[in-house]
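Visitor: Model the full assembly from the supplied sequences, consistent with the hints where possible.
Protein chains in written order, with the numbering used here: chain A, 16 to 111; chain B, 2 to 417; chain C, 97 to 1078; chain D, 549 to 736.
Derived from the structure by calculation, the hints contain no laboratory data. A virtual CB, placed ideally from N, CA and C, is assigned to each residue, including glycine. Honestly, I wouldn't trust all of these hints.
Stated by the list, open to error - Straight-line distance between alpha carbons at most 30 Å, and here's what the computed DSS-like set of lysine-lysine pairs gives:
{"#": "1", "chain 1": "B", "residue 1": "Lys-155", "chain 2": "C", "residue 2": "Lys-121"}
{"#": "2", "chain 1": "A", "residue 1": "Lys-53", "chain 2": "B", "residue 2": "Lys-213"}
{"#": "3", "chain 1": "C", "residue 1": "Lys-450", "chain 2": "C", "residue 2": "Lys-606"}
{"#": "4", "chain 1": "B", "residue 1": "Lys-53", "chain 2": "B", "residue 2": "Lys-21"}
{"#": "5", "chain 1": "C", "residue 1": "Lys-229", "chain 2": "B", "residue 2": "Lys-21"}
{"#": "6", "chain 1": "C", "residue 1": "Lys-476", "chain 2": "C", "residue 2": "Lys-121"}
{"#": "7", "chain 1": "B", "residue 1": "Lys-408", "chain 2": "B", "residue 2": "Lys-176"}
{"#": "8", "chain 1": "C", "residue 1": "Lys-774", "chain 2": "C", "residue 2": "Lys-606"}
{"#": "9", "chain 1": "C", "residue 1": "Lys-1038", "chain 2": "B", "residue 2": "Lys-408"}
{"#": "10", "chain 1": "C", "residue 1": "Lys-234", "chain 2": "B", "residue 2": "Lys-176"}
{"#": "11", "chain 1": "B", "residue 1": "Lys-155", "chain 2": "C", "residue 2": "Lys-234"}
{"#": "12", "chain 1": "B", "residue 1": "Lys-176", "chain 2": "B", "residue 2": "Lys-155"}
{"#": "13", "chain 1": "C", "residue 1": "Lys-229", "chain 2": "B", "residue 2": "Lys-65"}
{"#": "14", "chain 1": "B", "residue 1": "Lys-21", "chain 2": "B", "residue 2": "Lys-213"}
{"#": "15", "chain 1": "B", "residue 1": "Lys-11", "chain 2": "C", "residue 2": "Lys-234"}
{"#": "16", "chain 1": "D", "residue 1": "Lys-610", "chain 2": "C", "residue 2": "Lys-376"}
{"#": "17", "chain 1": "B", "residue 1": "Lys-267", "chain 2": "B", "residue 2": "Lys-155"}
To be verified - Residues of chain A clear of chain D, computed beta-carbon distances all greater than 12 Å:
{"#": "18", "residue": "Arg-26"}
{"#": "19", "residue": "Ala-48"}
{"#": "20", "residue": "Ile-52"}
{"#": "21", "residue": "Gly-67"}
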Amino acid sequence: MIINHPLLGPRDASEFAYLGDVGIIDRPTDWQADDSIKNFVEYGYLRDNPAGDHKELWYHEQGDRSWLVVTRNTLTHEISSVEMARDVARSRGRGK
Amino acid sequence: MQYSVFRLLKEGLTGNRGWKPVWREPDPRPEYDIIIIGGGGHGLSTAYYLSKVFGRRNVAVLEKGWLGSGNIGRNTTIIRSNYLLEGNQPFYEFSLKLWENLERDTNYNSMVSQRSILNLYHTDGQRDAYVRRGNAMFLSGADAELADAAQLRKELPYLDFDDARFPILGGLYQKRGGTARHDAVAWGYARGADSRGVDIIQNCEVTGIDIKNGKCIGVQTTRGAIRASKVAMCVAGSSGRVAALAGMRLPIESHVLQAFVSEGLKPVLPGVVTFGMGHFYISQSDKGGLVFGGDLDGYNTYAQRGNLPVVEDVVEGGMAIMPFIGRARLLRSWGGVMDMSMDGSPFIDKTHIDGLYFNGGWCYGGFKATPASGYCYAHLLAKDEPHPVATQLRLDRFQTGNIIDEKGAGNQPNLH
Amino acid sequence: MTREFRVNGGLVDRSKTLGFTFNGKAMKGHPGDTLASALIANGQKLVGRSFKYHRPRGVFTAGSEEPNALVELRDGAFTEPNTRATVTELFEGLSARSQNHRGSLEFDILSINDMLHPFLSAGFYYKTFMWPKTFWEKVYEPFIRSAAGLGRLSMQEDPDCYDKGFIHCDVLVIGAGPAGLVAARAAAESGARVVVADEDFLPGGRLNAETMEIDGSPGHAWAATAAAELASMQNVRFMNRTTVYGAYDHGIYGALERSRDHIGDSGGKPRQILWRIYSKRAVLAAGAMERPIAFGNNDRPGIMLAGAVRAYVNRFGAAPGKKVAVFTNNDDGWRTAADLAASGIDVAAVIDVKNSGHAADIPGARHIPNGKVVDTSGRKCLKSITLNTGEKIRVDCLAVSGGWNPNLHLTCHQRGRPQWNDELSAFVPGVELPAGMAVAGAARGKMTLASALADGNDAAVSQLESLGFSISAPDIPKAEDEPVNCTPFWHVGESSSRSWIDLQNDVTVKDVKLANSEGFRSVELLKRYTTLGMATDQGKTSNMAGLAILAEARGSSIPEVGTTIFRPPYTPVALGAFAGRSRGRHFRPYRLAPSHEWAKSNGAGFVTVGGWMRAQWYVQSGENGWRDSVDRETLATRNSVGICDVSTLGKIDIKGGDVGAFLDKVYSNTFSTLPVGKVRYGLMLREDGICYDDGTTARMGENHYVMTTTTANAVLVFRNLEFARQCLWPDMDVHLISITDGWAQFSVAGPNSRNLLKKVIDPDYGVSNESFPFMACGKVTVCGGVPARLFRISFSGELAYEIAVPSRYGNSMMAALMEAGREFDAIPYGTEALGVMRIEKGHVTGNELNGQTTALNIGLGKMAGVKKDYIGNVLSRRPVMVSEDAIRLMGFRPVDRSRELVAGSHFIAMGDPVDMKNDQGWMTSVAWSPHLGHSIGLGFIKRGHERKGEIVRAVSPIHGMEMDVEIVSAHFIDPQGERLRD
Amino acid sequence: MTELSLFSTPPLDGYDKSTGDIRLYSPEALAVVSIALPLGSEDSALAMIASAYGVDLPSPGKSVIATDGARLVRLGLDQAFIIFPHSAPDAEDVVQGKLEDAVYVTDQTDAWTALAIEGSSTRDALERICPIDLHPESFAVDDAARTVMEHLGVLIIRAGDNDFLLLSASSSANSFLHALETSIANAG
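Guide: The following block contains the structure:
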C-alpha cells in the first residue's frame, strides 16, 4: 500500500506502523468518574470495525515520526484522505 | 450412507454409480428452534454436536456462500493444544481430544494427522516462557516435551543451526499436535449434521436480525424471514458486520492473515515447525505442498487478500530457519479475514439480547478450536450454561479485568 | 545430432549447438531453444509422469501454463524441482531429470495406480483409511505422502543468492506481445517513464510462434525491431525474462526477473531479482492461452495444444510429430495445419467439430467436418486416434484446439470477478480492475492481430491522458484480421474411456460428474473435492473445461456456475527470491554495543538481545564452563568493582516546557516534582493497566529529561510517547529524540566504584557521597575534558554509577575504566552476572514484565499513584486485577539448599493435586547466587505477600521435577538498601 | 592519578572504497545536531535560524546549505537536523551558541554514521534497497527522506547529481555498510 503523507508525499506503507481506529484519540478525560472503568473499557476495547471507510491511525516510524489519520476503505483498501493526527486530535478537543 | 473400504470396493466394481449426495440442499423452513448463522467450520460443528450430543435437530445453518467457504477453507490446518492460560488451555486440550477421535465419530476421513508441532526458541527467556507453558499444558492433561539443540540437530538436521542470525537453542514439542485436512473437516461435520436432520442452507445471507422487546425472534435473509427461539452468530471474520445487524459493537477487529502453499514436493517435513524470532510456521500437506504462514498484514480489512511486505517477511523467516527451501516455489497465496479479539482469546457467550448468542474472536486459533468451539457452543445453546472448559470465554471479561492475554500484547488486536 | 525432428526456419541459432542431458542421456540443442523444444527436436516424447495415476505424459504446451513437462533441473544443491521445460531456456551443460516415478521414467512401478483407478475416484480417501485409529499416521499417510508430491528438494542450503529492488514508473506494460509493444511504444513516445516486462526471453509473444505479418514484414521481425527501439530509449526499461506475478494495492506489482537462470553458472551474481514495481498506471497485455478438448485418453505423449505445435514448428524449428492430425472447434486450429503443411510436415487430417467448410486449404490433409476424436492409442507415445465414426487414423501427434482464454489472472488479484463473453465463449476481465490497470489485446478478448494492435494503442492512450501526457498521433501498425470463429465444445460425450481435464492432478470428466452428484456443486467445492486446478499450473489449461462440464452436469450455464478466483503468484516464484538477502546471518541487522571490539578481544561470548549483541560473560583461563565465569564476575563486583556496557538500554532525550506534566501522564509515578540533578525510577503501564516498561529518568535541566527504557521496548516506548504527545496531549510542548546510539553507557558497580571513577572523572567534579548522593545525576568531563554524563543508580544493589560518554569514545572508555580499576582488580561483567545480581536484589526484567502483570503483581502497587490521571491508572483498578487472590512477586529458595530451582515451574500448595485448578503461580527467573551459596528465584504466587515463610511445591512436570521451596522476600541481599547509599 | 585518555573510534572511520564507477566512503568528522521548534514559538525559532544561518529552514523533506556550509535538513514539522563538518564532541554547544534558546538542541553526531555514495550508477545500486523514487526529477538535489533499507532506518539526502549522503544508526553501521556493498556488487 502507499500512504500519501500530507507533508512528504506518497510513501510505502511499510515505513509506517498501524495502530487502529481513530477513536483511540478520544481518551476519557474524567478518570475519577464513578463509571470511569466502564468508560475506559469502552475506550480501550470497543473500536469501530466497519466494512467500508475506516478512519485509522498510522505512525510514520521510518519517516518523520508523525502520527496520521488515514481514511481507508476496508473492502477495497482505497485511501481517500490523509491528515496529520495532531490536527485531528485538536479538532476532537484534545489539548494539554 | 456408511463410508468404508468395502463400500469403496463395491462402488469401484460397479462404476461408482451408487454414491449418494453427501448432504441435502433444502429450502429454508419458516421456523426452527435454533438458527446458526455461518456455515463454516464452527457453525457446522455446532450443528453436528447439537444434533448428535444434545439431540437438538430442529436446527438450520445459514451460509451466505457455499458451505465451508470461510476460514475453514483457507487456513494452515494446524491442530494443537499448547496454550498457557487457564482460560484457554483446558478448552484447546478438550478440542484436541475431540480431533483425535473425529474420523470415527463422523465416519469421514478428515485426515487428522498427529505429526507433532515444534516451537523453536532462541533465547533463555523464550526457553523459560516455554517451560512455563509446557508445564501449564501438563497441568491441563496435555503432552509437552522440551528438546535441546543437540536433540533437534539429530531430528531436523536441515534446520539452520550454524549460520543463523538467531541461533536455535531448542524447542517445545507437542507430539500430539499436527494437521488436518481443513475442507474435509467441514464436509464431515456437514454430512453428520445433515444426516441427523439439520438443514444446511447455502447461498442464504442473513440481512437482518429481528429483535422484539429485547428478545431475538429470528432473522431476515436473502431467502426470506426465518423465525427461531435462539439465534447463534458464528461468522468469524464477519462478526463485526453481523453483530451490527443487532446493533452490537464487539471487542473485535477484522484483519487479514495471509497463507501460502508451495508446489508439491516429496516429503521434507515430518511435522509442524514454528520460528521463535520471526513469525513463521510451516507444515507439509499430504499432497506435498509446503503450507506456511506468519504475521497479519496488520491493518483492519475485510478483503481476503494481503500485500507484499508481509509475504516477504514470512518467507524471510522461513529461509532463516530452513535455507533448503530456497528453490521450492510459492504456488499460491491467499488471505483469510480473522476476527481478532482485544486480548487474543475467543468468546462463546450469550449476548445482552435474550435469545441471541455469540461465538467469535478466534483470531488465528480458529481452525484448531473447531471441534471444541462447536461442542461448547452447542452446550451453551442447548443448556444455556457454558461448558466447563469455556467458562472464561465471556464478553464481559474486559469489564471485570479477567483478560486472557496469552502473548501479553495488551488491547491491540493486530499484535496477538 | 539427429535432424529427424528438426524442420527449417525458426528463431533458434543453428550456427551454435548446446549440449545437455535428460535423465543422463546426452542431447543437443541450439541457442533460442527451450528445454521442451530441444527435447522435441531430439524425439523425446515421454517427459514425465502424472501426479495420481503416474500416467506417461509428454510436452503439452509451449508456455508457462505447462501441466506435464516438469523436470528436476540442475544437480546437487542446485536441484530445482518442478521446473517447466517449456520455459526453461537451454544452456550449455544443462542437466534435467524427469520426476514423480518409482523406477525409471519408462517403467514406473506406481503406474499400478492406473490399474486401480476404479477405486481411486475423486475424494476416495475421505471415505476410507479411518480404522484402526493409529493406522492413519503409521501406515496409510506415510504411503500416500511418499507417493504424492512431485519433485525432490536437495535438502541442502540454496547455494545461489537472490536480490530484490524497487522500480518506479508512470506506466507498466505487462507483456511484450503485439498489444504490449504498441502500448509501450505509445507510452514511451509521450515521454512517460515506462517499464515493459515480459516473461519470455524473446519479446514478441505469439508473434514469434506465428507466420503472420505486420506492416508487411514477418511478425517476429517487427517485434524484434519494436523491442530494440524501446530498449534504446532513455525513459524505457525493457525487462525480458521478467514475470509480473502479482497485482497489489495502489499500483504496486510484484515481478520476478530470472537474471541468471539461463546461464549455467550464476557467477556469484543474484540468480533472480524480486522487483516491486511502483506504477501510476499499468497496461495488462498478457495475451491469451489455448484450451484443450477432453476426449478418451487425451493425455498421451504426442497430444498437444494446436498453438503449441505451431510454436514448436514456427519458432523453434522442432517437429512434434511426423504425421499430425488437428482436432479443433475453431478456425485457429486450421492455422496450425496450414503452418505444419508449409513446413513440410505430413498433416493427415483436420477434424473440425464444426460443420463449416475449409478455413484454409491444407495440401494432402483430409477435412473431417462434424468430426470428433473419441479415443487414442499408444502408451508412451501416441500411435493412432479413433474418430466417432469408428475410423482409426495413425498419427504420432495430435494438435488440439478448444479455443482461447484471455490471460486475465492479474485482473483477479484484488478479487475482481471475470465476466462471461458468449461471443468468445470465454471469460474476459470484469469491470472491477485493480486501480490504475487497463487491459489490452487478447487479454481483453481482442483475439485478432489487427484488433489487438489497435487495442494496445487505445489502452496506452487512455492511461497516458489520465496522467496528463500529450500523445502524438497514433500510428497503428497494419495487420490482418484473421478468422477466429469458435464453437463452444468442451468434451466428447461419446468417449467411454477416461477423458482428462486436469492433466497434472489427473482429474477426469467422470470425477467432475461424480463430485456434482455427491453435492459438491459450487465451483469452489468442486475444486477442493477433486483437486481440479490445484496443481502447479493452477488449472491454466483445465479450469475452463471443468467449469463447462460442471455447468452441463448441473444443468446451468457457465456464468451461473462462475469461476474460481485467481490468486498470486501468476506463475510459481522461488522462495529464495522472496527472502532475497535476508538469510543466514543477514536475516536481520546486528546492533553492536560501543565496546564490542574491546569485549571481543577480552574473552567475551555474545548473546542476542533484541537486535543487539551483548557480552554474556568473559571467560578467563582456567574456568570450566560459564558458571565459573559468572560466579567470578558476580563476586568480584560485590566485593570490589565491576564494569558492564549498558548502552543497549533505550535512551530518549526529552525537551520542552511541559515535559514534567507529560511524564506524569505516561509514568505511573510522578516526575514533575523531580529536582534538577536527580534521577527517579519510573514504571509505565499500558492503558489496560498492565506493566509495560520501566527504567530510570533523569532531570538534566529545567526543560530537559533523559529517559531510559528497557533494551527490548525502546522502539515501542518511543512510538507510544509520540502518540501521547501528538494525539492525546497535542498542546504540550514536548520534543523527543532517541539518543540510544549516541551515548556509550557503562555501569560501574561495587564498593570500589567511586574510587575507580575518581580516577576517570576530571578533578573539577566532585563525586563524594555528599556532593553526588544516591540518585544524583549531572554532566561531567572525563579523561581530560571529554563530555560525559554521570548517574548514581544501581541495578546490582551495590554502590554503583552509570557513566556515559559519546559513543565514539565507548571502546576506549571501556579500556580506560579497566585501566583505572586495575588497582581494585576491577572486572568486566556480562549480562549473566547482571542477571544474577538483579535477581539477588529483586529487580524485575522481561521475565516479570511479560505483558501480563500489574504494578500490584510486581509489588509496586503503592508506587503507582492513584491520585493523578496517567495511562493505565483506571483499568488497573478492575475487580479481578485487584482481587485478594492476585499474584505477587516474591523470592523463593529451595528447602534443600543443594537443589537448583527451575524457571517456568508452577507453584502448587502442599498436598494439592497438580492440575490447573490448583495452579498458584510460576517461577519467573532463577539464578545461582554465589553470594548466598544456593539457588534463588523470583516468581509470582497468589497472595504471596501474606505467605512469607510458607513452603510450597515448585513443579516442572516437563522436567519430571518437583521440589519444596520457601516463599521469601524478593530482596535477597541488603533489603534496606544501605549499600546503595553509603 | 594515572593519565587516562580517550580515543575517538566511530564506526566505519576512514572507510573508502571504489567499485566500478561507484565510490562509497565515510565522510570525515560530520557533526549532526537535532533542533526542535518549541510549540507556539515556531515563528521566532524560524526567524532565529534564518538570521543565524542566513537561509530559511526549508519545508519537510528538503534541505538547504547555509552560508557557513552547514546543511539544514527539515525532517518534520517541528524537527530538523543541522549537519556540518566538526570533530570535537561539542557540536551541541556550537549550535546552541548560534540559536540560543530559540530551539531545543540535541547532539546526534554519535547516534548516526554517515556514508557518502558517488558515481554515475549510484542509482542502480541504491534501487536494490531504497524504496524512495530516486529519479533525478522525482528526488531533486538537496531533497531528503527518512526511510527504511534492509530493515534499517536511513536518512538519505541527494547531495549532487549522482551523489547521496546516507545516515544510519551507528550501532548497526556495519550491517548497513554490508547492505550497500552487496547492492553495489549485485548491480555492477
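Visitor: Now look at each hint and say whether the structure bears it out.
Guide: Here is how each hint holds up against the structure:
1. B/Lys-155 with C/Lys-121: violated, 37 Å
2. A/Lys-53 with B/Lys-213: holds, 27 Å
3. C/Lys-450 with C/Lys-606: holds, 25 Å
4. B/Lys-53 with B/Lys-21: holds, 21 Å
5. C/Lys-229 with B/Lys-21: holds, 26 Å
6. C/Lys-476 with C/Lys-121: holds, 18 Å
7. B/Lys-408 with B/Lys-176: holds, 22 Å
8. C/Lys-774 with C/Lys-606: violated, 83 Å
9. C/Lys-1038 with B/Lys-408: holds, 21 Å
10. C/Lys-234 with B/Lys-176: holds, 14 Å
11. B/Lys-155 with C/Lys-234: holds, 21 Å
12. B/Lys-176 with B/Lys-155: Given that 30 Å is the threshold and the Cα spacing comes to 16 Å, the pair holds.
13. C/Lys-229 with B/Lys-65: violated, 35 Å
14. B/Lys-21 with B/Lys-213: violated, 42 Å
15. B/Lys-11 with C/Lys-234: holds, 26 Å
16. D/Lys-610 with C/Lys-376: Since the Cα atoms of D/Lys-610 and C/Lys-376 sit roughly 24 Å apart, the hinted pair holds (cutoff 30 Å).
17. B/Lys-267 with B/Lys-155: holds, 20 Å
18. Arg-26: violated, 8 Å
19. Ala-48: The claim holds: A/Ala-48 sits with its nearest Cβ about 29 Å from chain D, beyond 12 Å.
20. Ile-52: holds, 33 Å
21. Gly-67: holds, 29 Å
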